[in-house]
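Number of protein chains: 2
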Amino acid sequence: MKTPTLYTVLSPSLLNLYEVNNTIVVVIDILRATSTIATVLYNGGRAVIPVDSVERCIQLGKELECITAGERDGQIAPGLQYGNSSFEYPREFVENKILVLTTTNGTRLLHMALAKGAKEIITGSFLNLSSVCEHLVEMKKNVILACAGWKDKVNLEDTLFAGAVVDKVKDHFSINCDSSHMAQNLYNGARSDLYDFMKRNNASHYQRLTNYGLEKDIKHCLTPDLANVLPEYINGKLIHLNHQ
Amino acid sequence: MKTPTLYTVLSPSLLNLYEVNNTIVVVIDILRATSTIATVLYNGGRAVIPVDSVERCIQLGKELECITAGERDGQIAPGLQYGNSSFEYPREFVENKILVLTTTNGTRLLHMALAKGAKEIITGSFLNLSSVCEHLVEMKKNVILACAGWKDKVNLEDTLFAGAVVDKVKDHFSINCDSSHMAQNLYNGARSDLYDFMKRNNASHYQRLTNYGLEKDIKHCLTPDLANVLPEYINGKLIHLNHQ
Numbered sequence: 001m002k003t004p005t006l007y008t009v010l011s012p013s014l015l016n017l018y019e020v021n022n023t024i025v026v027v028i029d030i031l032r033a034t035s036t037i038a039t040v041l042y043n044g045g046r047a048v049i050p051v052d053s054v055e056r057c058i059q060l061g062k063e064l065e066c067i068t069a070g071e072r073d074g075q076i077a078p079g080l081q082y083g084n085s086s087f088e089y090p091r092e093f094v095e096n097k098i099l100v101l102t103t104t105n106g107t108r109l110l111h112m113a114l115a116k117g118a119k120e121i122i123t124g125s126f127l128n129l130s131s132v133c134e135h136l137v138e139m140k141k142n143v144i145l146a147c148a149g150w151k152d153k154v155n156l157e158d159t160l161f162a163g164a165v166v167d168k169v170k171d172h173f174s175i176n177c178d179s180s181h182m183a184q185n186l187y188n189g190a191r192s193d194l195y196d197f198m199k200r201n202n203a204s205h206y207q208r209l210t211n212y213g214l215e216k217d218i219k220h221c222l223t224p225d226l227a228n229v230l231p232e233y234i235n236g237k238l239i240h241l242n243h244q
Numbered sequence: 001m002k003t004p005t006l007y008t009v010l011s012p013s014l015l016n017l018y019e020v021n022n023t024i025v026v027v028i029d030i031l032r033a034t035s036t037i038a039t040v041l042y043n044g045g046r047a048v049i050p051v052d053s054v055e056r057c058i059q060l061g062k063e064l065e066c067i068t069a070g071e072r073d074g075q076i077a078p079g080l081q082y083g084n085s086s087f088e089y090p091r092e093f094v095e096n097k098i099l100v101l102t103t104t105n106g107t108r109l110l111h112m113a114l115a116k117g118a119k120e121i122i123t124g125s126f127l128n129l130s131s132v133c134e135h136l137v138e139m140k141k142n143v144i145l146a147c148a149g150w151k152d153k154v155n156l157e158d159t160l161f162a163g164a165v166v167d168k169v170k171d172h173f174s175i176n177c178d179s180s181h182m183a184q185n186l187y188n189g190a191r192s193d194l195y196d197f198m199k200r201n202n203a204s205h206y207q208r209l210t211n212y213g214l215e216k217d218i219k220h221c222l223t224p225d226l227a228n229v230l231p232e233y234i235n236g237k238l239i240h241l242n243h244q
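Protein chains in written order, with the numbering used here: chain A, 1 to 244; chain B, 1 to 244.
No lab work stands behind these hints: they were computed from the structure. Possibly wrong hints are sitting among the right ones.
The list cannot tell twin chains apart, which means a pair is met if one copy fits it or any two copies do.
With a cut-off of at most 20 Å between alpha-carbon atoms, the simulated EDC-like pairs for lysine to aspartate or glutamate come out as follows [what the hints assert, rightly or not]:
| # | residue 1 | residue 2 |
| --- | --- | --- |
| 1 | K116 | D152 |
| 2 | K237 | E63 |
| 3 | K151 | D167 |
| 4 | K170 | D73 |
| 5 | K216 | D167 |
| 6 | K199 | D167 |
| 7 | K119 | E92 |
All of these numbers come straight from a predicted model, not from anything done at the bench.
The task is simple: from the sequences and hints, build the whole structure.
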């Protein structure tokens, strides 16, 4: 059997260079959409519905009587109830609930992957790193690790996560992709203390969020396997497959 | 005085996200356009005229009675005289001559930067690393390190060079750019043996060129300061400023 391929796409602007059709796309938006998604589903949330605008978020929230959440430029968007921090979503709050989420970068990328015919879309974060890797190895399909970045610019934390995945699954894939090797090298140089690496390298997102006092949030989002679920996008919703 | 900014753009597809106007753009195409340009000018060539098509290259070659050179997919393009290897351009061959060069990625990026209103365009390669860095520090202007990549995909060697520049000039610039920090980290992990790093990481360009038996060429293109000139794009030609 042919070894499946793996590519890392460092920015949504580069997705059109890759064959998305028939591929598993892992959407990566570490700070903080895909970390929040993992947390909500891990804590028993029924589904996260990603939408691309605040207006749509408010509208769906009313229709489905569910939690509305989302940020613009790192702050709770006007008209929505909650933000994009894992700490806002403990089990006692989200269990059996549906959350409608709009974010600056992650949601848009998910919809791009969908439009380009991805076979399967899952979301990845350090919080569910092992679940993602085990799934990719098991599926034996071509994979694209798609980093959301920040307004189409490449960012450190999404690249670091892609590198962590490459590091774990590389023996199971044919990786003819410089971005993947770059990400893996970056991750291996940073893995002993990802938070310190972000800080030392003056990551743009680190600055953006610490301006809002969110150091604790960043540390949480860089910790592996605190919410080991597999959020998969099915019929417009992200659900944890094993809960079906 | 305000500290000038420095950004690294990992692919031509991302250039539109940056403010190019009034900026010094360093075009980077290590394997091998910008290495060849440095070599030709270092060895006394009068100018290198970068063009974006083989047809234009042939036409200009006739008009100006000069050397035509260029490759498509790593081989000398049909109708042209020479390829894209530094070893083809010793002093006894190129001194006082003009070379018209068309390449797969570098020329296109140069024309993009020009169209977007760059204040100054220079070309960078390991062969002229120090000249580029000294110039950037001296000019005290905003800088974009623009990697040509391979058909818009990010590649290792152009990123490594951007990292080498960042490493050398970082104290003179305000660098709020994750791609620059990534490149610098990558370079610092690789600098002890860049060739070995390319080989170990299975760089896509490494494979492409070693298929044509060009290991020696790759090693040459990864060696700092073998051709320390400053190629600047002026009125359609790349010339070595200190020769004016």
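Okay, the hints, checked on the actual structure:
Taking the shortest alpha-carbon separations for K116 and D152, both the intra-copy value of 17 Å and the inter-copy value of 18 Å come in at or below 20 Å. Taking CA atoms no more than 20 Å apart as the test, K237 paired with E63 passes inside one copy only; the shortest distance there is 15 Å, against 62 Å between copies. Taking CA atoms no more than 20 Å apart as the test, K151 paired with D167 passes in neither setting, with 26 Å inside one copy and 26 Å between copies. Taking CA atoms no more than 20 Å apart as the test, K170 paired with D73 passes in neither setting, with 34 Å inside one copy and 27 Å between copies.
With identical chains, the CA atoms of K216 and D167 are never at most 20 Å apart, being 26 Å at best within one copy and 30 Å at best between copies. Taking the closest pair of Cα atoms, K199 and D167 come within 20 Å of each other only across two copies (17 Å); inside a single copy the shortest separation is 22 Å, beyond that limit. Taking the shortest alpha-carbon separations for K119 and E92, neither the intra-copy value of 34 Å nor the inter-copy value of 58 Å comes in at or below 20 Å.
Comparing the model with each numbered hint stated earlier shows that hints 3, 4, 5 and 7 do not hold.
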